[in-house]
Structure formats: structure tokens, C-alpha cells
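Read top to bottom, the protein sequences are chains P and H.
If you count the first sequence from 1, position 224 lands on 224 in UniProt numbering, and the numbers rise without skipping.
If you count the second sequence from 1, position 428 lands on 428 in UniProt numbering, and the numbers rise without skipping.
Careful: at least some of the hints might be erroneous.
Which copy is meant is left open, so a pair is good if it fits within one copy or across any two.
Claimed, not checked - Calculated lysine-lysine pairs in the DSS-like style (CA-CA distance at most 27 Å, straight line):
(1) Lys426 with Lys219
(2) Lys157 with Lys59
(3) Lys125 with Lys157
(4) Lys59 with Lys222
(5) Lys387 with Lys213
(6) Lys157 with Lys219
(7) Lys319 with Lys365
(8) Lys222 with Lys157
(9) Lys58 with Lys430
(10) Lys430 with Lys213
(11) Lys355 with Lys59
(12) Lys213 with Lys157
(13) Lys8 with Lys126
(14) Lys409 with Lys213
(15) Lys301 with Lys157
(16) Lys409 with Lys126
(17) Lys365 with Lys126
(18) Lys157 with Lys126
(19) Lys301 with Lys126
(20) Lys430 with Lys16
(21) Lys213 with Lys16
(22) Lys126 with Lys430
(23) Lys387 with Lys363
(24) Lys125 with Lys304
No lab work stands behind these hints, which were simulated from the structure alone.
Please read these numbers as outputs of a predicted model, since none were measured by experiment.
Number of protein chains: 2
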Amino acid sequence: MASQALIKDFEDLIGKENVFTSDADLQSYSFDSAVLEPVIPALVLRPTTTEQLGLCVKKLYDNGIPMTVRGAGTNLSGGTIPDHSDTAVVLTTGLNRILEINSNDLYAVVEPGVITADFAAAVAKKNLFYPPDPGSQAVSTIGGNIAENAGGLRGLKYGVTKDYLMGVEFFDATGETVKTGSRTVKCVTGYNLAGMLIQSEGTLGIISQAILKLVPPPKASKALMAVFDDMQNAAEAVAGIIAAHVLPCTLEFLDNNTIVRVDDFTKAGLPRDAAAILLIEVDGHPAQVADDAEAVERVLKENKAVAVHVPKDAAEKFKLWEARRMALPVLARCRPTTVLEDATVPRSQIPAMMKAVNEIAAKYKVEVGTFGHAGDGNLHPTFLCDKRDAEEFKRVEAAIDEMFDTAIKLQGTLSGEHGIGTAKSKWMEKETSRGTILFSQRLRRALDPKGLLNSTKLVGI
Amino acid sequence: MASQALIKDFEDLIGKENVFTSDADLQSYSFDSAVLEPVIPALVLRPTTTEQLGLCVKKLYDNGIPMTVRGAGTNLSGGTIPDHSDTAVVLTTGLNRILEINSNDLYAVVEPGVITADFAAAVAKKNLFYPPDPGSQAVSTIGGNIAENAGGLRGLKYGVTKDYLMGVEFFDATGETVKTGSRTVKCVTGYNLAGMLIQSEGTLGIISQAILKLVPPPKASKALMAVFDDMQNAAEAVAGIIAAHVLPCTLEFLDNNTIVRVDDFTKAGLPRDAAAILLIEVDGHPAQVADDAEAVERVLKENKAVAVHVPKDAAEKFKLWEARRMALPVLARCRPTTVLEDATVPRSQIPAMMKAVNEIAAKYKVEVGTFGHAGDGNLHPTFLCDKRDAEEFKRVEAAIDEMFDTAIKLQGTLSGEHGIGTAKSKWMEKETSRGTILFSQRLRRALDPKGLLNSTKLVGI
Numbered sequence: 001m002a003s004q005a006l007i008k009d010f011e012d013l014i015g016k017e018n019v020f021t022s023d024a025d026l027q028s029y030s031f032d033s034a035v036l037e038p039v040i041p042a043l044v045l046r047p048t049t050t051e052q053l054g055l056c057v058k059k060l061y062d063n064g065i066p067m068t069v070r071g072a073g074t075n076l077s078g079g080t081i082p083d084h085s086d087t088a089v090v091l092t093t094g095l096n097r098i099l100e101i102n103s104n105d106l107y108a109v110v111e112p113g114v115i116t117a118d119f120a121a122a123v124a125k126k127n128l129f130y131p132p133d134p135g136s137q138a139v140s141t142i143g144g145n146i147a148e149n150a151g152g153l154r155g156l157k158y159g160v161t162k163d164y165l166m167g168v169e170f171f172d173a174t175g176e177t178v179k180t181g182s183r184t185v186k187c188v189t190g191y192n193l194a195g196m197l198i199q200s201e202g203t204l205g206i207i208s209q210a211i212l213k214l215v216p217p218p219k220a221s222k223a224l225m226a227v228f229d230d231m232q233n234a235a236e237a238v239a240g241i242i243a244a245h246v247l248p249c250t251l252e253f254l255d256n257n258t259i260v261r262v263d264d265f266t267k268a269g270l271p272r273d274a275a276a277i278l279l280i281e282v283d284g285h286p287a288q289v290a291d292d293a294e295a296v297e298r299v300l301k302e303n304k305a306v307a308v309h310v311p312k313d314a315a316e317k318f319k320l321w322e323a324r325r326m327a328l329p330v331l332a333r334c335r336p337t338t339v340l341e342d343a344t345v346p347r348s349q350i351p352a353m354m355k356a357v358n359e360i361a362a363k364y365k366v367e368v369g370t371f372g373h374a375g376d377g378n379l380h381p382t383f384l385c386d387k388r389d390a391e392e393f394k395r396v397e398a399a400i401d402e403m404f405d406t407a408i409k410l411q412g413t414l415s416g417e418h419g420i421g422t423a424k425s426k427w428m429e430k431e432t433s434r435g436t437i438l439f440s441q442r443l444r445r446a447l448d449p450k451g452l453l454n455s456t457k458l459v460g461i
Numbered sequence: 001m002a003s004q005a006l007i008k009d010f011e012d013l014i015g016k017e018n019v020f021t022s023d024a025d026l027q028s029y030s031f032d033s034a035v036l037e038p039v040i041p042a043l044v045l046r047p048t049t050t051e052q053l054g055l056c057v058k059k060l061y062d063n064g065i066p067m068t069v070r071g072a073g074t075n076l077s078g079g080t081i082p083d084h085s086d087t088a089v090v091l092t093t094g095l096n097r098i099l100e101i102n103s104n105d106l107y108a109v110v111e112p113g114v115i116t117a118d119f120a121a122a123v124a125k126k127n128l129f130y131p132p133d134p135g136s137q138a139v140s141t142i143g144g145n146i147a148e149n150a151g152g153l154r155g156l157k158y159g160v161t162k163d164y165l166m167g168v169e170f171f172d173a174t175g176e177t178v179k180t181g182s183r184t185v186k187c188v189t190g191y192n193l194a195g196m197l198i199q200s201e202g203t204l205g206i207i208s209q210a211i212l213k214l215v216p217p218p219k220a221s222k223a224l225m226a227v228f229d230d231m232q233n234a235a236e237a238v239a240g241i242i243a244a245h246v247l248p249c250t251l252e253f254l255d256n257n258t259i260v261r262v263d264d265f266t267k268a269g270l271p272r273d274a275a276a277i278l279l280i281e282v283d284g285h286p287a288q289v290a291d292d293a294e295a296v297e298r299v300l301k302e303n304k305a306v307a308v309h310v311p312k313d314a315a316e317k318f319k320l321w322e323a324r325r326m327a328l329p330v331l332a333r334c335r336p337t338t339v340l341e342d343a344t345v346p347r348s349q350i351p352a353m354m355k356a357v358n359e360i361a362a363k364y365k366v367e368v369g370t371f372g373h374a375g376d377g378n379l380h381p382t383f384l385c386d387k388r389d390a391e392e393f394k395r396v397e398a399a400i401d402e403m404f405d406t407a408i409k410l411q412g413t414l415s416g417e418h419g420i421g422t423a424k425s426k427w428m429e430k431e432t433s434r435g436t437i438l439f440s441q442r443l444r445r446a447l448d449p450k451g452l453l454n455s456t457k458l459v460g461i
């Protein structure tokens with residue numbers, strides 16, 4: 001536990017207003033967006049300069065105090081839940097400056113606490129484009145996006161956060177500065193430590209600055225909504241679009257349960273009788289957009305879409321996309337507990353995976369609403385339940401177990417974009433190997449010899 | 001040194017025909033493409049199955065024998081030169097199967113010894129595209145491309161090897177199997193060890209299999225050659241094209257010295273009086289190609305190109321591009337020693353970097369021919385000299401020193417795509433930090449506790 005003297009030291013270092021120790025404050029940082037038990041930390045620190053961040057890390061290390069770094073706390077696998085009651089939560093929200101947006105060289109330099117959507121908007125103002133758009137972008141931070149390798153709706157065509165990280169500066173566990181990567185398109189100077197920091201969930205270092213790649217924005221785009229009266233047809237259409245070599249920037253799926261519940265709430269005018277809908281957007285050069293949209297419509301019809309609707313204007317498109325973005329919050333209102341999963345399969349396996357999810361839900365008699373990034377094989381089957389009902393929750397856990405087994409059998413993965421945290425670590429070895437776990441543990445022990453950095457996450461330490 | 005008994009063990013394991021110990025054989029694997037002293041290894045092993053590879057690594061580890069993995073040996077920074085006289089060179093050339101090319105899910109699975117150009121051709125046959133095209137692609141291997149994060153002519157638009165590595169299986173130093181990444185577009189299951197293996201130069205693990213991303217091929221392309229009578233104008237045009245938000249798939253630069261020497265040799269009909277030429281190719285949807293080519297021509301004219309030439313057919317285009325590919329081999333014929341560098345700067349700094357390279361060459365009275373991937377800031381100033389002339393070689397080394405200082409000052413990097421190896425390790429700390437070197441050494445020591453994997457490369461051990 002942090003002593004009064006140490007708390008005083010931190011107050012001197014970063015200002016009294018940036019050290020939080022009241023019960024109410026500590027409660028606020030005891031949980032994140034995962035369905036896991038909260039852990040109340042010992043103190044919360046909010047450094048506001050890079051130098052302060054480094055000195056905080058050094059002081060925590062010297063005093064043997066565990067650290068959990070936290071951006072907006074939107075983590076869905078428990079990555080931002082403190083490890084122990086003596087943990088210090090280190091907030092990055094005070095490090096929120098966009099340091100450079102370079103239009104000539106197509107990159108930006110940011111601090112970790114910059115909010116994703118704010119950054120994307122600042123970039124758009126300069127007529128450039130930062131594609132990664134995780135569902136939580138309105139509040140999530142770039143540092144958190146890097147630590148989790150956040151995905152989003154555009155992963156299919158534009159990739160994920162990993163594909164935009166050119167370089168990073170971070171503090172190692174002891175507070176030493178490490179620099180890796182560059183402002184250049186090509187850089188092989190030393191280990192690709194930026195690649196190693198991506199999705200390391202705050203266990204290998206504490207990010208202080210990132211260099212992010214930007215791209216010219218697409219000149220045109222076209223949105224479509226396809227309605228299906230059979231879910232398998234929708235799934236086949238997804239596979240068909242990719243096989244036709246069209247890479248839409250968005251290719252989203254909502255099942256009937258999700259459609260009805262979202263429409264109840266948003267009154268977006270969704271087709272409530274549909275077994276499934278696909279929301280599709282193609283972008284690029286205007287001529288390519290026209291060709292791609294035509295190819296997509298052809299595939300949709302071949303796969304028995306009962307209707308293909310083109311939003312008449314930006315407002316209508318926004319309403320439809322907003323309905324998709326509301327899927328999780330709306331489903332989350334239905335029952336006391338929402339378990340949002342992100343098992344991911346190769347795109348051609350979407351039909352098999354969709355079938356399996358519904359069979360598993362029926363077998364274990366659990367309610368599931370499925371939506372997600374169908375175009376990149378990244379579905380979000382969302383289990384609606386009440387954790388206080390032990391018998392029901394056991395069935396949910398069994399269903400999730402079987403769903404992961406299915407994903408792995410279909411050559412997929414446990415987690416497309418939500419991370420391992422503590423929620424999924426028990427399944428890691430099944431997908432990888434014993435050697436992978438041991439290798440990963442050796443790696444982290446070497447870089448964090450006192451085991452202070454988010455130590456219970458991922459493969460443990 | 002490997003005992004006779006151990007050599008017999010290896011012969012039993014992988015076949016007598018795959019264990020090389022004759023003087024002539026050992027000589028052949030004592031050097032690579034870098035200007036560095038050869039080191040004759042103790043033996044050379046050529047496993048032909050994944051299982052054999054793992055057993056070789058385990059046996060070498062158990063016997064404390066250093067290992068240097070080698071594909072085609074095209075390394076330009078000494079990464080494939082054996083560390084010591086008791087080193088075993090492990091060849092990947094016997095592991096050269098393309099295991100899967102998946103058209104529906106846009107990925108391939110390959111063994112490390114597959115030759116880059118063979119792979120690209122197999123992919124093209126299925127109407128797909130694998131963009132990374134390092135200069136040595138006709139002989140280089142995918143395993144080597146991963147270990148070095150190989151770049152090439154298309155880096156500007158399509159990225160480098162890193163951007164195509166979805167997953168990898170490798171043996172750690174002890175011979176245990178590690179699996180990371182997936183056949184899915186999104187995967188955050190565990191550490192991004194594939195990202196860590198990229199450009200690790202054979203020091204963290206020995207790759208046995210890789211999952212590579214494929215993309216739909218561009219539907220059209222257009223090539224242009226621009227001629228300049230002032231090198232700075234050419235450099236300004238490069239920066240201008242990117243600033244106009246056009247991303248050509250190729251944007252190559254040749255200076256007068258390179259033009260004349262290549263034309264002498266190839267009779268390609270290059271403009272021998274030009275101060276510099278740019279070779280440019282734009283690709284994509286036919287309408288976008290037309291728009292981009294028009295924008296490029298406009299920028300070229302604004303920057304005083306004295307001629308813009310469009311090859312009349314594929315044969316003429318091939319001849320020009322082949323001339324570019326011949327730049328290095330032709331320059332290498334001119335003097336006994338060729339030192340090919342790859343200092344890289346943000347693209348807008350190309351004019352400043354070009355100016356500095358020529359000023360430095362004049363200052364130290366050394367001959368330099370410069371060509372390279374101007375579009376991604378990755379130039380290849382090539383120093384022509386005779387290493388046996390100690391005085392001259394000292395001037396070359398001083399010039400290179402100053403060139404790196406300039407690259408770093410311009411926010412660039414030591415190495416865009418050739419790697420650190422032993423050739424550039426002394427400059428690493430200047431670009432990064434002491435903390436970066438120590439962090440990297442801790443990392444590798446943990447993963448290679450006996451220090452057997454290419455131990456003198458990168459940051460040492």
C-alpha cells in the first residue's frame with residue numbers, strides 16, 4: 001500500500017489535483033467494460049507531461065508498486081482492471097496533445113491520452129484520414145488503442161491500429177525511455193518494438209508518444225443496406241463479396257434479435273422482419289465506387305437478398321450506421337449482464353460460424369444477439385443474461401467455451417480486437433502452444449523483472 | 001566445434017546429403033552481400049522438413065552451438081555472416097513449399113525457404129497480388145524477407161514485408177514451437193510475436209512457417225519516366241507528388257552517375273545527359289490511374305521536368321524498370337568495393353538529403369552513385385571505392401558517418417530496409433537511446449539465454 005509519504009511525493013511531482021485517493025475516486029477506477037469483478041486500487045495518478053509520466057513510473061518501480069495504465073477504460077477483457085489492492089492506476093488522460101500532423105509526409109505524432117475521434121477529426125480537418133474506428137472511438141484513447149490493437153468497422157479494407165503505428169516512445173518498467181520506429185515509411189533500425197508494444201495490454205512498457213500513419217482520404221463512397229430473410233444467405237453474401245475481390249470499407253452484420261431490439265430503441269426504421277441485414281460501404285475513386293457497388297449488388301442478389309436499399313442522403317446513412325453503433329448499448333440494456341465476445345474466423349467461414357453460434361445458443365438455451373464486422377470475420381455474439389443467476393451464467397460460460405472451440409476449429413482466433421486481459425487467458429494455450437505461453441512469460445519477465453506492469457493480464461507472469 | 005559424433009547425429013537426422021562440412025562448402029557460407037570480413041562456420045545444415053528444423057535447433061541448443069539462419073544470403077548488413085568459427089549455418093532452402101494460397105480469404109501459408117519471386121508468381125497465377133518486391137526478389141527467401149523486414153520498389157503505396165505478415169510459427173532458441181497470429185484479418189490473441197520476429201535478424205527465433213496477406217491485384221497501371229536537368233528539381237517533384245495526395249506504386253530515382261553507368265552496360269537508351277530521372281508507376285482502377293497520372297504529370301512540369309516520357313508498350317516499360325534494377329549490379333562492377341547504404345528520411349526531406357549526400361561526397365572526395373526508392377524517402381547512396389586503399393576507405397567511412405548524422409537530423413533513420421546486422425550497430429544508440437539498447441538486450445537475453453542465435457547482430461547480447 002502506498003504510504004502517506006509516498007502520496008505526498010506524488011503530489012509534489014504531479015500536483016495535488018492529479019493524485020486521487022478518495023474512496024469514490026478509487027471505486028471509479030476499479031472496473032472497466034468487461035464482465036469481471038472490480039478491484040479497488042490504492043491510488044490513481046494523472047501525470048500531465050511526458051517527464052512526469054516517466055518520473056511516476058520510476059518512483060512506482062523503485063517502490064515496488066504495481067501499475068495498471070488506463071486511458072478511457074473501455075476495455076472489454078479486463079485489461080484496465082487493477083491487478084491488486086496495492087496497484088496504482090496511471091491515467092493517460094492528462095497527456096492529450098496532438099503534437100504534429102504532417103500533411104507532406106502523411107504522419108502524426110500524438111500523446112497517448114488523445115481521444116481517437118478527436119484525433120480523427122483533427123486529421124480530417126487537414127484533408128487526411130486516420131482509418132481505425134473502434135466502437136468506443138468517441139471516448140477511447142490512442143494509447144489504449146495501441147495497447148489493445150483496436151480494430152473497428154473499417155478493418156476489412158484499412159486494417160487495424162497495428163497498421164498505422166509507425167513508431168512509439170515508451171517508458172520501460174524502470175522508467176527508462178525507449179524509442180522505436182520512425183517518421184519514415186521504411187525503418188528497420190533495431191527490433192520492431194512498436195510491433196511488440198501493440199496489443200501488449202500495458203504489460204511491456206508505458207507509451208508516452210506515438211507516430212501514426214495517415215492516408216489520403218477516399219474521394220467518394222456509397223452505402224447500401226441489404227435485407228435477408230435467411231441468415232445463412234447473408235453470411236454467404238459476405239463470403240461472396242470478398243471472393244469477388246471487392247474490399248468494402250465497411251461490411252457489417254446484424255441478426256434479427258439485434259435488429260428488433262435496436263429498432264425498438266432507436267426508431268431507425270430497420271426492417272424488423274429481416275433475419276439479418278448487411279450494412280455495406282464501398283469507397284475510393286468515384287469510378288471504382290460505382291464498379292464496386294455494382295459488383296456488391298450483384299453478389300447480394302445472387303445470395304437472395306430480398307431488398308437492397310441505398311440511403312437517399314447522408315442523414316439517412318448516418319441513421320443506419322448509428323443504429324449499428326447502438327447495437328451493443330441497446331443489447332446491454334436488455335438484461336442485467338452483457339457478455340460481448342469477439343471470436344473471429346477467416347471470412348469464408350462466416351456462414352459456418354454463424355450457424356454454429358445459433359446452434360450453440362439453442363443447445364445451451366441462452367439468448368444471443370449477433371452483430372459485428374462480418375467482412376473481416378470478426379463477429380460479436382453478445383450473450384444476454386444475469387450473472388447473479390448462477391445456473392444461467394454457467395450455461396453462458398459453457399456456450400462461450402464451445403464457441404471458442406468452434407472458432408479455433410474453423411482456423412479462427414479467440415479474439416479479433418477485444419484482447420485477452422484476464423477474461424480469455426485460460427483459452428490462450430488451446431489456440432497457440434505451451435511453448436508460446438512459456439516464451440511470452442520469459443519475454444515479459446525479462447522486461448518487467450519485478451512483475452509490476454499489469455501482471456495478471458495476458459499470459460500472467 | 002562440432003564433434004564427429006555430433007556431425008554423425010545430424011547426418012542421421014537430416015540425411016548425409018544435407019550436412020556440409022567440406023572447406024569449399026564452409027567457404028561458401030562465410031559471407032553475404034555486405035562489405036564485411038567473412039567468418040568460416042563449423043558446419044552447414046539443410047533440414048528439409050519442419051520437424052527436422054526443430055530437431056536441429058534443439059540439438060544445436062543442447063550442445064551449445066551458435067546458429068546463424070540463412071536463406072539466400074543476400075543480406076546487406078552482415079546478418080547472415082556466421083558469428084564465430086564454431087557456428088552452424090542453418091539453411092532454410094530445403095523448406096520451400098507453398099502450403100496454401102487461399103483466394104477466398106486472401107492469405108497464403110508458406111515455408112521460410114520459398115523464393116520471393118516464385119511466391120509472387122504463384123500468387124499472380126491465382127489472380128492475387130503479393131506486393132513486397134525487394135531488389136533481390138529473384139533469389140531472396142520469404143524467411144529472409146521476414147527476418148529483415150524487406151522493402152522494395154512498392155513500399156510507398158503497398159508497404160513492406162511487415163504489412164503482409166499475418167502470423168508466424170517459429171522455433172525458439174531451445175527448439176520449442178511458438179505460434180502467433182492467425183489466418184484472420186484481426187487477431188489480438190496474445191503478444192504480437194509476429195511483429196516482434198519481423199526484422200529481428202534471426203536473433204529471437206527460427207521461422208518455420210508464415211501466413212502472408214494477399215490483396216486483389218490492381219486493374220490497371222501506367223508508367224512514366226521524367227527527365228530533369230537539375231537534381232534538386234527531381235527531388236522537389238518527389239515531395240510534390242506525395243503532397244498532392246497521389247501514392248504511386250513506384251517512385252524511383254536515379255542520379256546522373258547511375259544513369260550513365262547503367263546505360264553503358266544495358267544500352268537501355270536512358271537520357272545520359274539528365275541530372276536525374278524519376279521512374280513512376282501509378283496503379284489501381286483505370287479511372288484512378290488516369291487521374292493520378294495526370295496529377296503526376298502536372299507536378300513534374302511544375303518542378304521543371306525537361307521531358308516526361310510514357311513507355312509505348314510493356315516491353316519498353318520492362319526495359320526501363322530493368323535498368324533501375326540493374327543499378328546496383330552495374331555500380332558494383334565499377335570499382336572493387338561497393339558500399340550500398342539505405343539511410344532514409346521523411347519524404348519531404350528528400351531534397352535536403354540529396355543535397356547533403358552530394359555535398360558530403362564532394363567534401364570527402366569519394367565517388368557516389370545515388371538511386372533508390374525516392375517515394376518513400378529510402379535512397380541508396382552507393383559508395384564506389386577500393387577497400388584495400390586504407391586512406392580512401394577511411395574517407396568513405398567518414399562520409400557515411402556524416403550521412404547518417406544528416407539522416408537523423410532530418411528525422412530519418414539509419415536503415416530503411418537493409419537491416420542493422422553488424423554493419424550499423426555502432427550507430428543504433430545515436431538514433432534511439434541507451435535505454436533502447438539495454439531494453440533490446442534484456443529482451444534477447446531472456447529469449448536466448450545461451451546467446452546462440454546470431455549473437456553478434458543488432459544490439460549484441
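Earlier hints that do not hold, by number: Hints 1, 2, 4, 5, 7, 11, 13, 17, 20, 21, 22, 24 are the ones this structure does not satisfy, whereas the remaining hints hold.
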